[in-house]
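Could you slot chain V onto chain Y? The hints should help.
Protein chains in written order, with the numbering used here: chain Y, 4 to 247; chain V, 10 to 121.
Incorrect hints may appear among the rest.
Facing chain V, from chain Y, some residues (calculated, C-beta under 7 Å) [unchecked claim]:
1) PHE70
2) VAL75
3) ARG78
4) HIS79
5) GLY80
6) ASN82
7) ASP191
8) TYR219
9) LEU245
A short list of chain V residues far from chain Y (calculated; beta carbon distances all over 10 Å) [said to hold, decoys possible]:
10) THR11
11) ARG40
12) ASP60
13) ALA65
14) LEU95
Note that these hints are calculated values from the structure, not bench results.
Backbone N, C-alpha and C define an ideal beta-carbon position, used for all residues, glycine too.
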Amino acid sequence: MSQPGQASAGSVAFGLSESECAKIWTVIAAYNEGSKIAEVVSELRTHLPHVVVVDDGSADATSDNAFGAGAVVLRHGVNRGQGAALQTGITYALGQGAEIVVTYDADGQHRMSDIPEMVRPILAGEADICLGSRFLEHAGQVPWRRRVVLRLGRWFTLLTSGMRLSDTHNGFRALSRRAAQQIDIRLDRMAHASEIIDQIRKTDLVYREVSVQIRYTDYSRQKGQRSSAAFKIALDYLVQRLLK
Amino acid sequence: MTAFQWLALVPLGFLFVISIGNLFRQLGRWRASLPWAILWLACGAAIAKPDLTVAAAHVLGIGRGADLVAYASVLAMLLGFFFVYLRLRQLERNITVLTRHIAITGARRPND
Numbered sequence: 004m005s006q007p008g009q010a011s012a013g014s015v016a017f018g019l020s021e022s023e024c025a026k027i028w029t030v031i032a033a034y035n036e037g038s039k040i041a042e043v044v045s046e047l048r049t050h051l052p053h054v055v056v057v058d059d060g061s062a063d064a065t066s067d068n069a070f071g072a073g074a075v076v077l078r079h080g081v082n083r084g085q086g087a088a089l090q091t092g093i094t095y096a097l098g099q100g101a102e103i104v105v106t107y108d109a110d111g112q113h114r115m116s117d118i119p120e121m122v123r124p125i126l127a128g129e130a131d132i133c134l135g136s137r138f139l140e141h142a143g144q145v146p147w148r149r150r151v152v153l154r155l156g157r158w159f160t161l162l163t164s165g166m167r168l169s170d171t172h173n174g175f176r177a178l179s180r181r182a183a184q185q186i187d188i189r190l191d192r193m194a195h196a197s198e199i200i201d202q203i204r205k206t207d208l209v210y211r212e213v214s215v216q217i218r219y220t221d222y223s224r225q226k227g228q229r230s231s232a233a234f235k236i237a238l239d240y241l242v243q244r245l246l247k
Numbered sequence: 010m011t012a013f014q015w016l017a018l019v020p021l022g023f024l025f026v027i028s029i030g031n032l033f034r035q036l037g038r039w040r041a042s043l044p045w046a047i048l049w050l051a052c053g054a055a056i057a058k059p060d061l062t063v064a065a066a067h068v069l070g071i072g073r074g075a076d077l078v079a080y081a082s083v084l085a086m087l088l089g090f091f092f093v094y095l096r097l098r099q100l101e102r103n104i105t106v107l108t109r110h111i112a113i114t115g116a117r118r119p120n121d
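One chain only, chain V, in its complex shape:
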């Protein structure tokens, strides 16, 4: 094991354990924690055994393992942006609803 592998695998292992813990604590919300657990596991596997990425790349018809990692990273980032965008939209919506409620309850009427 190289120094980089140690530096990367320790926090990844820690994150994996937290995700698995969340998964078992809140089984009803497995959709929120299972993808994270899989992501940390995949990252850990790719760092611990780089040959795995080469094998996976060949299965998917990609030349090099590094290319597979690059493509997967870009895809993961785009997905991440998309989900953050969805959350932001919901947040904006909530702010509007709250602002509306405050505006209506605090209406200034000429006859008041």
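Bound-form chain Y, shown alone:
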């Protein structure tokens, strides 16, 4: 069994060869995730050699715990928001030669076993960006209140960007190098998810939705966005569109 901090040699069991795993850089934006981040990083590191945690100005031991679990750690001296942290991680990964960048949540709600399906269309050259969707096959597992808010988000995206997606605010994404170079997240906080979709529409990037499963635990519910935050996210996004 692989130890935390070391990528396994038997990555084929994961569904990807070692050379394919070596192309992937997983970027995690983390804010006060000290109690969970080591577990998330250790799990990823069993198969993926490159895990980048961007500690977004946490007040706890997020940085040390992520580093101890084998991640590259970038630390924001002050909290700048999830969008800013993801862009920091993506910029770093590109600088290190990443061929595929996967964005992944720090609270353990994503499943590592979904990564192969997420990156396969990119490895095959069929897509530039894969967007995780919890509604393609696992809609029944989404709490009803979250489902309502996410459906509203879907309509909002359709209205503002004209993109018909089943899940517009899923943090699980895979980007080819070309896509990661073209996407420039300028909305520092949570509205970056809408911004990314908007940028996909404006470029010639080929996207695909891939079914993923979200693990709703007490911890992830506690750490996740409140449904009421959706209005602030929508406002941030609209202001950015008006003023840019």
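The following block gives chain V in isolation, referenced to the frame of chain Y:
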């Protein structure tokens, strides 16, 4: 001239002179100083000759000069808030860029 007019016009005149000075010193940046010069001049004119606001209000279809001053003040404040908001956004953007640069140059790598 009333005491209030003296109290208001002296600093306004001072501010007007500074704005005009800036305007001539940095002609390339006239957009930054000309609006201020106009604002101080308009304020000074409204205080020195209150009848001017009544005349201007009638031209604009507003009943009283005081109403014109109130509307103009609210508009000026809203514009001011908007420009401050734009500056804050730019400042936030700069902080993010700087924070990102520091984070990347100070990366902690497991193999280091």
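Taking the hints in turn, this is what the structure says about them:
1. PHE70: Because about 5 Å separates PHE70 of chain Y from the closest Cβ in chain V, which is inside the 7 Å limit, the hint holds.
2. VAL75: Since the shortest Cβ distance to chain V is 5 Å, the answer is holds.
3. ARG78: The hint holds - ARG78 of chain Y has a Cβ within 7 Å of chain V, the shortest such distance being about 6 Å.
4. HIS79: OK, holds: HIS79 of chain Y within 7 Å of chain V, min 5 Å.
5. GLY80: Holds, about 6 Å.
6. ASN82: 9 Å, violated
7. ASP191: 6 Å, holds
8. TYR219: 30 Å, violated
9. LEU245: Interface hint status for LEU245 of chain Y: violated (11 Å vs cutoff 7 Å).
10. THR11: 44 Å, holds
11. ARG40: 19 Å, holds
12. ASP60: 41 Å, holds
13. ALA65: The claim stands: ALA65 of chain V keeps its Cβ more than 10 Å from every Cβ of chain Y (closest is about 32 Å).
14. LEU95: Check fails; 7 Å does not lie beyond 10 Å.
When each numbered hint is compared with the structure, violations occur for hints 6, 8, 9 and 14.
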